[in-house]
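Novice: This is what each chain is made of:
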Amino acid sequence: MTSVSQSAAAASVAPTTRPVFDWVLGLAIAAVAAVYVRAIYFTPAEALQGLAQKIYYVHVAAAIDAYVAVSITALMSLVALWLRDQRADRLAESSAEVGIVFLSVVLTTGPIWGHKIWGTWWAWWEMRLTLTLFLWFVVAAYLVLRGAIEDDAMRARYSAVLAILGALLIPFIHLSVYMFAARLHPMPVVLKPSQPSLPSEMLTTFVLSVCAFTFFCAALIRARYRYGILRDLAASLDAEGNAA
Amino acid sequence: MAQTSPAVEVSGVSRTFGRRRAVDGVDFSLDAGDCLALFGPNGAGKTTLLRLIAGLLKPTAGAVHVGGRSLRSDATARAQVGLISHQSMLYRALTPRENVEFAARLYGVPDVHGAATRALERMRIADRADAPVRALSRGLQQRVSIARAIVHEPRVVLLDEPYTGLDAAGGAALTDMLHLLRSSGAALVLVTHNVDEGLAVASRAAVMLAGRVVRTDDCATLDARAYQADYRALVLGGSVPADLSVPA
Amino acid sequence: MSERRPPGLFCAAWLVARKDLAIEYRTRTAFFSALVFAVLALTIFYFTWDESVISPNDRAPGVLWVVLTFSALLGLQRSFGLEEYDRGIDALLVSPIGRESIYLGKALGNLLFLCAIQVIAIPALALFYNLPVGRPLLIVTGIVGLAMIGIVAVGTLFSAMAVNTRLAELLLPMLSLPFFVPVLMNAAQAATKIFAGRPVAEVWPWLKVLIAFDIVFVVACTIAFPFTLEE
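Protein chains in written order, with the working numbering: chain A, 1 to 244; chain B, 245 to 492; chain C, 493 to 723.
No wet-lab data here; the hints were simulated from the structure.
Just so you know, even glycine gets a beta-carbon here, dropped at the ideal spot from N, CA and C.
Be a bit skeptical, because a hint or two may be false.
Unchecked claim - DEER-style ranges, computed between Cβ atoms:
1) B/D461 to A/A153: 31 to 39 Å
2) B/A477 to C/Y517: 32 to 40 Å
3) B/G262 to C/L659: 45 to 53 Å
4) B/A305 to C/I715: 23 to 31 Å
5) A/D85 to C/P718: 16 to 24 Å
As the list claims (entries may be wrong) - Over the 10 Å line for every Cβ pair with chain C, so calculated as not near, a few chain A residues:
6) V24
7) A34
8) T108
9) R128
10) M179
11) Y227
12) G241
Can you build the whole structure from these sequences, using the hints too?
Specialist: This is the structure in structure tokens:
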């Protein structure tokens, strides 16, 4: 069995039978758009915060999915290191790239919303936002590290080590930011951002938003993973072409 | 005490990098005092095989045993191996003596200073032992590197193109050193391009092509000229010739 | 052939550390660069604030940690670099000492290197910023020591990784700085309180986090180190 056919077999979907348009991703985008429409036009504005509160639907959903994506990266890194499995490494990489996009969304929507509520663009004592910022740095370091290594096996090992150490780091950052915040401000804010009791329409929109974003996140990871397969296939064909 | 296990035993060792199989199912064993000369073109896998025997790489299949002990799992097996490679593995800011003594300490050699002095004297570099390595020529650095590799009196010495960069005096010192090592019971694996140099020291000769050992000979029954010719044919032809009588 | 015993975990680590320090002592370039940087940075930072707005006394803790962080990065850069020139690392890997000893030895060497810099930088800080010399300064020096352990533990591992990549100089800070954050946050707050005259008991919560970080990451990095070697 030649290595070309081996790698084709390893790819979960044969390239020639893959449809040109990614239906899953298209559906996901449609879902997100639909939720937006509902959020903007069909959900009542919140009394005190006004229109800015609508960002809440994006911000919180993106945050949840960002953390899920990053957790997938950490978990898959562990698997990749333990079993030396290339697929786990590829999934970790895909999840990290999608994760940083969602983290960026959180970090941009956060200040926009925050400016409305707190009057400042950034609040260091806002624990979740600060933690998200540092998580962004760790994921960025992960992606830069991957870009700086050419050897496949080394890249997988090194980025897995970084991901696992990063996972160990997060509780420490969380604790440190908490102690920092507790020192500066007792629990702050006139308006508590996450109110446990939302009126039913807003709650529905919120739940729908989380579902749509999660679907979108999963579709993105899937699309990126499939791109990863193709890219690795192309690279191995290239390598064989050079060796011949 | 009778030595029942071979000095080094390589069993079915393979090593793959990604999709490339650099070493493919190599088997051999050497007893104390044997010297295996390993010939082959660039990219044949000789250096990779040497690194596998040294414990720098893990085999993807098979195992290496030194003195009957598994190299992978037993640190005392690693203590029996000495490696000499292309790079000197020295610290340029330190003196030859400091480099060799550091190596001696890593191996737990009892009389560090004495062992280092002996090793440096054997390689005829004792007079330059106290100037930084940086100040020495490539050839002299190579001698220090060899002294470093044998200070702990290893049972197995692995040499990767050791004659590169050595002048006549250095080459002679090295050949003497190798004979001395063989007679004191060490097993040697010598990787070299130079068939003459290899055959001068070796008791066995092997040729590696594309990760496999394609031919093994006992040097006692070898005709050097014929072997040279066969080797050339093998390397240029890329396959094992059926008829071995090729004109020189 | 006599059975000789190769050095154990900590003895081997000390051998590696001693070798690194001997090399550094011979060349002294990294040490002087880091030292000059530290003292220069101290002086420059003095002029970046208006004296009438923030007193030097209040600025000092912040400056201390910035200078510590960046002189640490300078020192860490060279840590595995010196093994690469002639593949000295191969000789270490072929020898019977464990991979963990190599990591611990390197980390210990880096720690002592940093300590040597701080021995001069902290008095320089006290000098330029008119800090009271006494028990607070001594306690802060201890906090600096705890912080350095965490910084060196993580930085040594990433130095081992970065040296094998294309962007070594950029990658080391990028990988390490997020990990320095908890160290710096807790150490800085504890130090500020000590400088302000608060008792040690009050800063104990921050010190506990710092110590926990040190323990967790020294262990984690020791375990992770063999994965950074090609095998």
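Novice: Now tell me if each hint is right for this structure.
Specialist: How the hints compare with the structure:
{"no.": "1", "hint": "B/D461 to A/A153: 31 to 39 Å", "in the structure": "holds, 36 Å"}
{"no.": "2", "hint": "B/A477 to C/Y517: 32 to 40 Å", "in the structure": "violated, 56 Å"}
{"no.": "3", "hint": "B/G262 to C/L659: 45 to 53 Å", "in the structure": "violated, 22 Å"}
{"no.": "4", "hint": "B/A305 to C/I715: 23 to 31 Å", "in the structure": "holds, 26 Å"}
{"no.": "5", "hint": "A/D85 to C/P718: 16 to 24 Å", "in the structure": "holds, 19 Å"}
{"no.": "6", "hint": "V24", "in the structure": "holds, 33 Å"}
{"no.": "7", "hint": "A34", "in the structure": "holds, 37 Å"}
{"no.": "8", "hint": "T108", "in the structure": "holds, 20 Å"}
{"no.": "9", "hint": "R128", "in the structure": "holds, 16 Å"}
{"no.": "10", "hint": "M179", "in the structure": "violated, 7 Å"}
{"no.": "11", "hint": "Y227", "in the structure": "holds, 23 Å"}
{"no.": "12", "hint": "G241", "in the structure": "holds, 23 Å"}
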